[in-house]
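Assemble chain B onto chain A, guided by the hints.
Listed below, chain by chain, are the residues.
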Amino acid sequence: MTDCSSPNSKRSREKANIAKAALDSLRDEISSMKQEIARLRQENAGLKSEMDAHETEARLARSAPDAPCDEHALLRARYDRDLQIARQLQLRLNPVWLPQMPGMEIAVKCVSGAKASGDFYDVIELGDNSYGLLIADVSGSGLRAAVVMAVAKLAFRTFSANQFSPKAILDKVNAALCDSTPESYYLEAFLGVLDADNMVLRYVNASQPPPLLLRDKVTRLDGRGLFVGMFDDPGYEEKTVALEFGDRLLMLTDGALDRFGPPGAARDARIDEVLTANRNASLEDMVELLLQVPPAPGYFEEGDDLTILALEVAQSPVAVHELSIESDPAEIRHVERLILGLLETKGYGERSLFATRLALEEAVTNAIRHGNKHDRTRKVHVTFFLEDDRATITVADEGEGFNPSEVPDPRGVEYLEREGGRGLLLMRAYMDEVSYNDKGNAVTMVKYAPWARKKSPGG
Amino acid sequence: MVENYKTIEAQEKDGVTIMRFKDTKVLDELSIRDVGLEMLDVVARALGAKFIIDLAGVEFLSSAVLGKLIKVHQRVVARQGRICLCGVRQSIMEVFQITNLDKLFEFHESVEAAMSEMV
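Going down the list, the sequences are from chains A and B. The first sequence lines up with residues 1 to 459 when you count with our numbering. The second sequence lines up with residues 1 to 119 when you count with our numbering.
No wet-lab data here; the hints were simulated from the structure. Note that the structure is a prediction, hence the values are computed from the model and not measured. Ideal Cβ positions, reconstructed from N, Cα and C, are used throughout, including at glycine. Honestly, I wouldn't trust all of these hints.
Counterexamples of contact, computed for chain A against chain B with all Cβ distances above 12 Å [said to hold, decoys possible]:
#1 Asp80
#2 Thr240
#3 Gln315
#4 Ala330
#5 Ala355
#6 Asn403
Within a straight-line C-alpha distance of at most 30 Å, the following computed DSS-like cross-link-like pairs (lysine-lysine) qualify [what the hints assert, rightly or not]:
#7 B:Lys25 <-> A:Lys373
#8 B:Lys68 <-> B:Lys25
#9 B:Lys25 <-> A:Lys346
#10 B:Lys103 <-> B:Lys22
#11 B:Lys13 <-> A:Lys167
#12 B:Lys103 <-> A:Lys172
#13 A:Lys172 <-> A:Lys239
#14 B:Lys68 <-> A:Lys379
#15 B:Lys13 <-> A:Lys373
#16 A:Lys346 <-> A:Lys239
#17 B:Lys25 <-> A:Lys379
#18 A:Lys239 <-> B:Lys25
#19 B:Lys71 <-> A:Lys373
#20 B:Lys71 <-> B:Lys103
#21 B:Lys13 <-> B:Lys25
The following block holds chain A by itself, in its conformation from the complex (with noise of 0.2 Å):
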């Protein structure tokens, strides 16, 4: 599943007379990188265990047999094996292996190019079946940007610890990033929360190329946000998607996008065309033939990281949700905001909206009081159903039942100064169809989406 390989080895050392200012600038910037690593030691007392692989890695690679003879191969030389020590640090901080998501299919190609120019990505399980999706690119190349690198991947998987939002989780490595990084370092990310139960994708882009969702047609998953790692307040808009059966989700970083040639409509129509065109393809021949299209001449240079991160929904999401809450009205927040939230990704609009949450309300209210009693010890069981043109929610408690044609009209005069009674009325007023079990203590309701057929308010 994982490809990364390292092409380019060794650059030529045959131009050994190098001019003595590009000397003197590649001994500062060599000079630089060791103040900046023992900074970021110092720092991040945390990253110690990548650091010491990353000594390991330096000592090995001094200790290699081929030491040159004279100062300028010796730096050469150096400046070599540090891109071959940023190289393998990049490798190996890609995932060894990717979790498995239910339903979802998942393709990556990750090639560290001869720069080693800071392109990360990995797939964070966060629990609850939900996962985050993150592709990066860190500004610069070389040594400095793979350790940066590896600063913001270990940020990322700690401030995603008990957090489903990409806004909280980017705001935290952005506000680590800033106080650990120097300035002039910091990185594009895309980073997805992906709950694989209900196929929504959350995201927030900080200014990634952004990703394609590939349906009919190609949208782009673009949002506001800044780079991460440069500013106190960099505005991350997050975003809400509702994945569908078949869609395809590629994440792209620049290296890979730069084969297209320029960022711009052309650029985008082009992939467009391979993308659309090839539709029917495996997701890992997709991911291939994008890595494989001839580059655009005058533009594409060899030598940038490439990556891509592509999922499929292989499966329709689960459709049915089931929930018990205990008999507290307390308990019916969680119902709401899970019913509600699914109904507001799905599209129902406001009306929509008020209209199940008050049946909603009114159905488990009357389970909660009239069918348990306010017995703790009983619960109420919610089952929610998804389809494309209308929502099913059946709440059921533990109670004895009753017979709702015996329950009066409370809009009769008589009744109309009573504080009750009025639950099943709105139920039946706000759904589109209301219906009992046989022993009364199981209400069934029927919403059609708004673009549906029209009946109940807000339908």
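Frame of chain A, contents of chain B only:
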């Protein structure tokens, strides 16, 4: 009136007591119960017998809240007082219409409109 209430605000103006919900999405049963108790307390302590419940900004309202409003209504009527609701948005007005409670309550568009009627 300087009582400090948890869930509502109450002020008296020209002999009319105006009440508002602090939480415009009155939700869980505990706060609904408090809203009910506190409104009744306001009614009990008020010097006058004219009341306005300002529902402007209220985005959601379940039958449990309707029950509390009815109770307050009864209490005011028992004192030969007068009570009206104002600032009710369309989506909430529908709830009153469906339950026929638009016949029970007196409605005005805004507090100002209600004041000019009642004072």
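We went through each hint and held it up to the structure:
1. Asp80: holds, 64 Å
2. Thr240: holds, 21 Å
3. Gln315: holds, 36 Å
4. Ala330: Its Cβ does come within 12 Å of chain B, the nearest being 5 Å, so this is violated.
5. Ala355: Answer for Ala355 (chain A): violated, closest chain B Cβ roughly 9 Å.
6. Asn403: At roughly 20 Å from the nearest Cβ of chain B, Asn403 (chain A) sits farther out than 12 Å, so the non-interface label holds.
7. B:Lys25 <-> A:Lys373: Distance of about 25 Å is within 30 Å: holds.
8. B:Lys68 <-> B:Lys25: holds, 15 Å
9. B:Lys25 <-> A:Lys346: Judged against 30 Å, a Cα distance of about 23 Å means the pair holds.
10. B:Lys103 <-> B:Lys22: holds, 26 Å
11. B:Lys13 <-> A:Lys167: Between Lys13 (chain B) and Lys167 (chain A) the Cα gap is close to 46 Å, so the pair fails against 30 Å, i.e. violated.
12. B:Lys103 <-> A:Lys172: The hint is violated at about 54 Å.
13. A:Lys172 <-> A:Lys239: OK: Lys172 (chain A) and Lys239 (chain A) at ~18 Å, within 30 Å.
14. B:Lys68 <-> A:Lys379: holds, 26 Å
15. B:Lys13 <-> A:Lys373: violated, 43 Å
16. A:Lys346 <-> A:Lys239: holds, 14 Å
17. B:Lys25 <-> A:Lys379: Between Lys25 (chain B) and Lys379 (chain A) the Cα gap is close to 25 Å, so the pair holds against 30 Å.
18. A:Lys239 <-> B:Lys25: holds, 25 Å
19. B:Lys71 <-> A:Lys373: The hint holds at about 22 Å.
20. B:Lys71 <-> B:Lys103: Roughly 15 Å between the alpha carbons, so the hint for Lys71 (chain B) and Lys103 (chain B) holds.
21. B:Lys13 <-> B:Lys25: Holds. Lys13 (chain B) to Lys25 (chain B) sits at ~26 Å (cutoff 30 Å).
The structure is inconsistent with the numbered hints 4, 5, 11, 12, 15, although it conforms to all the rest.
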